[in-house]
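From first to last, the protein sequence lines stand for chains A and B.
Mapping of the first sequence onto numbering that gives the first Met the number 0: position 75 corresponds to residue 74, and the numbering continues sequentially without gaps.
Mapping of the second sequence onto numbering that gives the first Met the number 0: position 368 corresponds to residue 367, and the numbering continues sequentially without gaps.
Honestly, the hints are just simulated from the structure, not real lab data.
Mixed in with the good hints, there may be bad ones.
Estimated spans, in silico, between C-beta atoms of each pair [stated by the list, open to error]: (1) B:Glu102 - A:Ser143: 35 to 43 Å; (2) A:Ser143 - B:Phe292: 23 to 31 Å; (3) A:Glu17 - B:Thr210: 36 to 44 Å; (4) A:Gln152 - B:Pro430: 34 to 42 Å; (5) B:Glu102 - A:Arg159: 28 to 36 Å; (6) A:Gln70 - B:Lys269: 23 to 31 Å; (7) B:Ala391 - A:Gln152: 47 to 55 Å; (8) A:Ser143 - B:Asn536: 49 to 57 Å; (9) B:Ser315 - A:Arg159: 55 to 63 Å.
In silico EDC-like pairs for lysine to aspartate or glutamate, Cα to Cα no more than 16 Å straight-line [as the list claims (entries may be wrong)]: (10) B:Lys246 - A:Asp82; (11) B:Lys330 - B:Asp361; (12) A:Lys5 - A:Glu129; (13) B:Lys223 - B:Asp261; (14) B:Lys223 - B:Asp140; (15) B:Lys320 - B:Asp447; (16) B:Lys223 - B:Glu146; (17) B:Lys544 - B:Glu509; (18) B:Lys200 - B:Glu137; (19) B:Lys550 - B:Glu509; (20) A:Lys79 - A:Glu55; (21) A:Lys2 - A:Asp13; (22) B:Lys164 - A:Asp82; (23) B:Lys269 - A:Glu61; (24) A:Lys79 - B:Glu33; (25) B:Lys19 - B:Glu137; (26) A:Lys79 - B:Asp244; (27) B:Lys19 - A:Asp13; (28) B:Lys290 - B:Asp450; (29) B:Lys248 - A:Glu94; (30) B:Lys269 - A:Asp82; (31) B:Lys191 - B:Asp244; (32) B:Lys320 - B:Asp450; (33) A:Lys79 - B:Glu175; (34) B:Lys164 - B:Asp244.
As the structure is a computational prediction, the values presented were derived from the model and not from experiment.
Each residue gets a CB set at the ideal place from its N, CA and C atoms; glycine is no exception.
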Amino acid sequence: MQKLIKNLQLIDNDGWLEVASAEEFEQSAQPLVPFKLLDELGSDLLATKDYGILFEVSDDYEALIAAISTQPLVVFEFEKFADGRPFTFARELREYHQYKGDIRASGDFMPDQAAFLYRCGFSSLQCRTEQDAQTALAVKDIVSVNYQADMEQAEPLFRRR
Amino acid sequence: MYVYDSYDQQIVDQRVVQFKEQTERYLAGQLAAEEFLPLRLQNGLYVQRHAPMLRIAVPYGLMTATQLRKTADVSRRFDKGYVHFTTRQNIQMNWPALEDVPEILAELASVQMHAIQTSGNCIRNTTTDQFAGVVPDEVEDPRPWCEIIRQWSTLHPEFAFLPRKFKIAVNASQSEDRAAIRFHDIGLQMVKNDQDEVGFKVYVGGGLGRTPLAGQEINSFLAKQDLITYLESILRVYNVHGRRDNKYKARIKILVKAMGVDKFSALVDKEWQQIRQGSNQLTDAEIARVKTFFTGIHYETLADQTEALATQRFESAAFDKWMARNVDAHKQPGYAAVTLSLKRVGYPPGDATAEQLELMADLAEQYSQGELRVSHQQNIIFSDVKQSELFALWQTLDANGLAEPTVGTLNDVICCPGGDYCALANAKSIPVAESIQEHFSDLDYLFDLGDLDLNISGCMNACGHHHIGHIGVLGVDKKGEEFYQVSLGGDSGVGAQVGKILGPSFSAEEMPTVIQKIIDVYIAAREPEEPFISVVNRLGLAPFKERVYAKAN
């Protein structure tokens, strides 16, 4: 099942695996750590390898900012497609905190949200199904001109027209 | 009138393609109904009681005759040949087929119209004073600012899935507020500071619905180049902190109230300091570019026609009444702003047939330079009529049922479509409006009552703005029967206040008598020339309650 869109390509996965304990973290080459588990693992263990952070909308965003440094991946898990908080979270991570790693959307988001996700700084999409992933790629560029400054276009249209 | 360049046109055209693709996927069963829902709502498409309802955007209420003709054409080809003008200056069609909507949108796009963000949990149409640009006492024309906000908010990637809908209104008059800015999520009042610079006083957290609240000031002077970055900061705080667990507590007004305006304001400032100097800071070039579109009306050097009009008014009592209620002052000598009433007794308030739309388009070209506006009182405005042509215009309007001389009176009812059309409504609103209009059909009597806002909503969603009518009427459902709750003292203007409920509700049949009793108390108590709202403020509800609920002998 190819349902991950990364670098605008459809792939099976890129190796990140969600872990549920310190033991699993130690065994995994590319552990994806739920945000709530970070404290339990502790900074010594976390310092031993690169890891990604899996953030749910109900987690503490301020604490995420404090925890972010050079992690290569942050995954925002959509609880419901109608809950648009991750759009602002991703945007602030890029804009205020100069986060350069991969920001991934996961969970219950719609392929029709792909364009807005990219514009807000998401860089990979873990879609619900392969069909969703194909739809996301097919529809994301239908609207190709935008008024606002965003993460794909640093200047708003009024500075370019 | 803002005119699209190739970018604006491309955005609207591509949005049509996008919605067509989404509709096709839905009809093919490839897009679940619950996922199509937010997508269609963001294009103004509701599924309603009898059929889908399509809400078409009229940015800040301004239209051209060409756009009005296209609206008439679309309503005839795809609907039942009439439309409804809403309290947010938009247009609704109540009977389009879902399959036809992409084609309707393509037709609208051909005249620079669209339905983008007229519904859904996103930033809606920005509204303003229907007399913007011609008001003698305005700080400056607010419409370029509405257009700047329109562009910023259109397909904004971050704010398409907010906790709830979000409405912005701008006012520039220094003495009146015809845009009800204190009852919007964000209200912007244009002001001048000590250095004579123009900026905005910012109110946040106003709204109607289940918890009516007047907005609170969070910035006494926002410099104009900071408008977009500041709006973006407010929206960011709302998107992250607004409640999402209960749709009735999800509007920004609940957040501001719960958090306190000081804490909310501090959070906004914290965001703002980080983006204030960013690329979204407005440039003088852009402000100047947008402003050029609103100076296209060419005024001749004319003198006021005071004497000629006085003679015409003396000779025709009907023209005199119309002049008194439906014609407003203009900043330009020799011109006037005319309100075409869509409140004829026996017709749903705010409705117009395709034939009326086409007639209004013709008259707008003949008398008002081809532009017209929609007011939040659901009437149509010709903003630039020569005083010397008022009499001729009146004759044509009168012959076509568009000159009811009742603007601003009790019979200029603001009314939602109600239970006759709307799936959300608890009760019908149009028949109640009609029965009251019929009861108060004596024009001299109406004139004597003076300015009086009667607002009727068919449910708590308050599309008829019942909370801010001097007299407000709310339809409620009691065990399957329709009843009407009356409130007094609401004010949408600078006195911004929410009306207070009079007491137990009434049946539809009782309503005209109830309103009559309220009016009787007013007439008995008023000082010479004292308006209704002032008497309610002075006396409180007690004498009104006493009369309305008095036991019959």
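To see whether the hints hold, each was checked on the structure:
Separation of B:Glu102 from A:Ser143 is about 22 Å and departs from the stated range, judged on CB atoms against 35 to 43 Å. Between A:Ser143 and B:Phe292 the beta carbons are some 24 Å apart, a value that agrees with the proposed interval 23 to 31 Å. The beta-carbon spacing between A:Glu17 and B:Thr210, approximately 41 Å, falls within the hinted interval of 36 to 44 Å. With their beta carbons about 52 Å apart, A:Gln152 and B:Pro430 fall outside the hinted range of 34 to 42 Å.
In this structure the hint that B:Glu102 and A:Arg159 lie 28 to 36 Å apart at CB holds, the actual value being about 32 Å. Judged by the Cβ atoms, the range 23 to 31 Å given for A:Gln70 and B:Lys269 holds: they are separated by roughly 24 Å. The hinted window of 47 to 55 Å between B:Ala391 and A:Gln152 holds, with their beta carbons roughly 52 Å apart. For A:Ser143 paired with B:Asn536, a C-beta distance near 55 Å keeps the hint of 49 to 57 Å intact.
Under the hint 55 to 63 Å, the C-beta atoms of B:Ser315 and A:Arg159, about 56 Å apart, fit the expected range. For the given pair, B:Lys246 sits about 12 Å from A:Asp82 by alpha-carbon distance, which is consistent with the 16 Å threshold. Taking the CA atoms of B:Lys330 and B:Asp361, the gap is near 24 Å; set against the 16 Å cutoff, the hint is violated. For a cut-off of 16 Å, the pair hint linking A:Lys5 to A:Glu129 stands: about 13 Å separates their Cα positions.
Between B:Lys223 and B:Asp261, the direct Cα distance comes to roughly 22 Å. Violation of the 16 Å bound is thereby established for this hinted pair. With a C-alpha separation of about 13 Å, the suggested pair B:Lys223 and B:Asp140 falls inside the 16 Å cut-off, and the hint holds. A C-alpha spacing of about 11 Å is found between B:Lys320 and B:Asp447, which places the hinted pair at or below 16 Å, so the restraint holds. Between B:Lys223 and B:Glu146 the alpha-carbon distance is near 14 Å, which keeps this suggested pair within the 16 Å criterion.
Under the criterion of a C-alpha separation no larger than 16 Å, the hint pairing B:Lys544 with B:Glu509 is consistent with the structure, at around 15 Å. Annotation: proposed proximity of B:Lys200 to B:Glu137 holds, straight-line Cα distance about 14 Å (limit 16 Å). The hinted pair formed by B:Lys550 and B:Glu509 meets the criterion: a straight-line CA distance of about 14 Å does not exceed 16 Å. Among the hinted pairs, A:Lys79 with A:Glu55 is consistent with the structure: their alpha-carbon atoms are about 11 Å apart, no more than 16 Å.
Taking the CA atoms of A:Lys2 and A:Asp13, the gap is near 11 Å; set against the 16 Å cutoff, the hint holds. In summary, the hint linking B:Lys164 to A:Asp82 is supported, as the alpha carbons are separated by about 13 Å, within the 16 Å threshold. Between B:Lys269 and A:Glu61, the direct Cα distance comes to roughly 13 Å. Compliance with the 16 Å bound is thereby established for this hinted pair. Distance hint between A:Lys79 and B:Glu33 is fulfilled; the C-alpha atoms sit about 11 Å from each other, no more than 16 Å.
Straight-line distance between C-alpha atoms of B:Lys19 and B:Glu137 comes to about 42 Å, which puts the hinted pair past the 16 Å bound. For the hint pairing A:Lys79 with B:Asp244, the CA-to-CA distance comes to about 12 Å; that is within 16 Å, so the pair holds. As the CA atoms of B:Lys19 and A:Asp13 are separated by approximately 34 Å, the hinted pair breaks the 16 Å bound. Proposed proximity of B:Lys290 and B:Asp450 is contradicted: the alpha carbons are some 34 Å apart, above 16 Å.
Distance hint between B:Lys248 and A:Glu94 is unfulfilled; the C-alpha atoms sit about 30 Å from each other, more than 16 Å. Distance hint between B:Lys269 and A:Asp82 is unfulfilled; the C-alpha atoms sit about 23 Å from each other, more than 16 Å. Distance check on the hinted pair: B:Lys191 and B:Asp244 sit about 41 Å apart at the alpha-carbon level, beyond 16 Å; violated. Annotation: proposed proximity of B:Lys320 to B:Asp450 holds, straight-line Cα distance about 14 Å (limit 16 Å).
Under the criterion of a C-alpha separation no larger than 16 Å, the hint pairing A:Lys79 with B:Glu175 is inconsistent with the structure, at around 43 Å. Pair hint B:Lys164 plus B:Asp244 holds up; C-alpha atoms about 15 Å apart against a cutoff of 16 Å.
In summary, the numbered hints that this structure violates are 1, 4, 11, 13, 25, 27, 28, 29, 30, 31 and 33.
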